[in-house]
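As given, the protein sequences belong to chains A and B, one line each in that order. Each residue of the first sequence is one higher than the one before, counting from 1 in the numbering used here. Each residue of the second sequence is one higher than the one before, counting from 1 in the numbering used here.
What the hints contain is simulated information worked out from the structure, not anything from laboratory work. It is possible that part of the hints are untrue.
[Claimed, not checked] Which residues of chain B face chain A? A partial, calculated answer using Cβ under 7 Å:
no. : residue
1   : VAL57
2   : ALA66
3   : GLY68
4   : LYS72
5   : PHE91
6   : ALA94
7   : GLY109
8   : VAL112
[As the list claims (entries may be wrong)] Okay, derived cross-link-like pairs now, DSBU-like style, lysine-lysine, Cα gap no bigger than 30 Å in a straight line:
no. : chain 1 : residue 1 : chain 2 : residue 2
9   : A       : LYS185    : B       : LYS110
10  : A       : LYS185    : B       : LYS43
11  : B       : LYS76     : B       : LYS110
12  : A       : LYS185    : B       : LYS119
13  : A       : LYS185    : B       : LYS39
14  : A       : LYS99     : A       : LYS59
15  : B       : LYS52     : A       : LYS151
16  : A       : LYS142    : B       : LYS39
17  : A       : LYS185    : B       : LYS159
Think of the CB as a built atom: it goes at the ideal place given N, C-alpha and C, for glycine as much as any other residue.
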Amino acid sequence: MIQAVPCANLCWTLLGRTNFRIVNRRVFHLLSSVFARENYFDVFDLPLSYELHTSKVTKQYREKLKQLHPDKFHQKAQEEQDYSESQSRLINQAYNTLKNPYTRGLHMLELQGILLEEDKLDFSSEFLTEVYDINDELSETKDHSRLKQIKQQNDSKITELVRKITAAFEGRQLDNAKRFLMEMKYLYSISERIKQLELELGIVQ
Amino acid sequence: MYSSRVRSLTKMVPSSLLQPGQSPASNTPVALYHENVIKHFEKPQNVGSLDKNDVNVGTGLVGAPACGDVMKLQIKVDDNGKIIDAKFKTFGCASAIASSSLATEWVKGKSVDDAYKVKNTDIAKELCLPPVKLHCSMLAEDAIKAALNDYKVKRDGGKAEKRAAVN
């Protein structure tokens, strides 16, 4: 791991790399803190927990990005510019992964060395039939109120799944967390189809 | 005066931005499907449903948890064990739709035993699927197998019932 060491108020050294002059100490702290992190929760100093206050993270995210804005770096050395750019990318990646309940769960599993694509889980035929039937109805319905109803049902199922996934991660039942996340993917595709249909039918949110 | 102002403005624009080939739209990456995929996607064969309660109909319903796609494939088998009809309905990407469309085309006219031999690699090859889309062809193979198994279970169950009635 590369460690950042401050050498003066306006200057800092990256071990094994060139000296960078940096705008101020605040940015230095920000850059060094981001640099040493290894998972997306650490990027925002969050505990490794599925439960997340999205609004707090969003606030932190904006704050961090503001300080790394390219405008503040365009007169700096190329290395500093590249550095701010790669850090912005990391922060964006971390934020987008964490704010979405599905990718957040996947990331937590990944940190445990579990990848979703690697193995295949067989779902009960009832679950698949239910998913199929909803998709089938969506492919035919033009009825606005029915669409709204399906959407509400799907959204409440997603909320329920988030609750189940939270409990599974808290209880360290990773197999359950994985299964629920896979179920969630099906519900997300249904959400996507509903959005698409709303566009086609000209329903404004 | 006006024209000189315009000229000076155009001078300020980097020449790279004025080249039509460099416009952002032409640089945007798009998913390029092979023409075989597009052919099946635009004109899918055998879309629809068969009566799942018919003893001669086998239904396979499979899903891909990684992408949230669902695929239903049904076969209708005559008394000689030949598949005389096949239908599918797939809710997923173009590759998944093309894979299941091709699968129904291929199993039609085959015997049940031969239909078991349809491989995902053949489907992927025919459609020139890229590595990230190989799971679509696997899904289609799973759907065929599930439909064949369902048919067999139904048929054997039906025979057992008949035997029980005779006895």
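Status of the hints after comparison with the structure:
A least Cβ separation of about 16 Å between VAL57/B and chain A goes past the 7 Å threshold, and the interface hint is therefore violated. At a threshold of 7 Å, the smallest CB-CB gap from ALA66/B to chain A is about 5 Å, leaving the interface hint in force. At its closest, the beta carbon of GLY68/B sits 3 Å from a beta carbon of chain A; the interface hint therefore holds under the 7 Å criterion. Taking 7 Å as the C-beta cut-off, the interface hint given for LYS72/B holds, the closest approach to chain A being about 6 Å.
Evaluation of the PHE91/B hint against chain A yields a held restraint, the C-beta minimum of about 4 Å falling below 7 Å. Look at ALA94/B: its Cβ only gets to about 14 Å from chain A, farther than 7 Å, so that hint breaks. About 27 Å separates the beta-carbon of GLY109/B from the nearest beta-carbon of chain A, more than 7 Å, and the hint is not met. The criterion of a C-beta within 7 Å of any C-beta in chain A is not met by VAL112/B, whose closest approach is roughly 21 Å, and the hint is violated.
Under the criterion of a C-alpha separation no larger than 30 Å, the hint pairing LYS185/A with LYS110/B is inconsistent with the structure, at around 35 Å. With a CA separation close to 28 Å, the supplied pair LYS185/A and LYS43/B stays within the 30 Å bound. Distance check on the hinted pair: LYS76/B and LYS110/B sit about 11 Å apart at the alpha-carbon level, within 30 Å; holds. This hinted pair checks out: LYS185/A and LYS119/B have alpha carbons roughly 26 Å apart, not beyond 30 Å.
Between LYS185/A and LYS39/B, the direct Cα distance comes to roughly 28 Å. Compliance with the 30 Å bound is thereby established for this hinted pair. For the proposed pair LYS99/A and LYS59/A, the alpha carbon gap of about 12 Å is at most 30 Å, so the pair holds. In summary, the hint linking LYS52/B to LYS151/A is supported, as the alpha carbons are separated by about 28 Å, within the 30 Å threshold. Taken as a hint, the LYS142/A and LYS39/B pair is honoured in the structure, with Cα atoms around 27 Å apart against an allowance of 30 Å.
Proximity of LYS185/A to LYS159/B is assessed by CA-CA distance (about 40 Å); at most 30 Å being required, the pair is judged violated.
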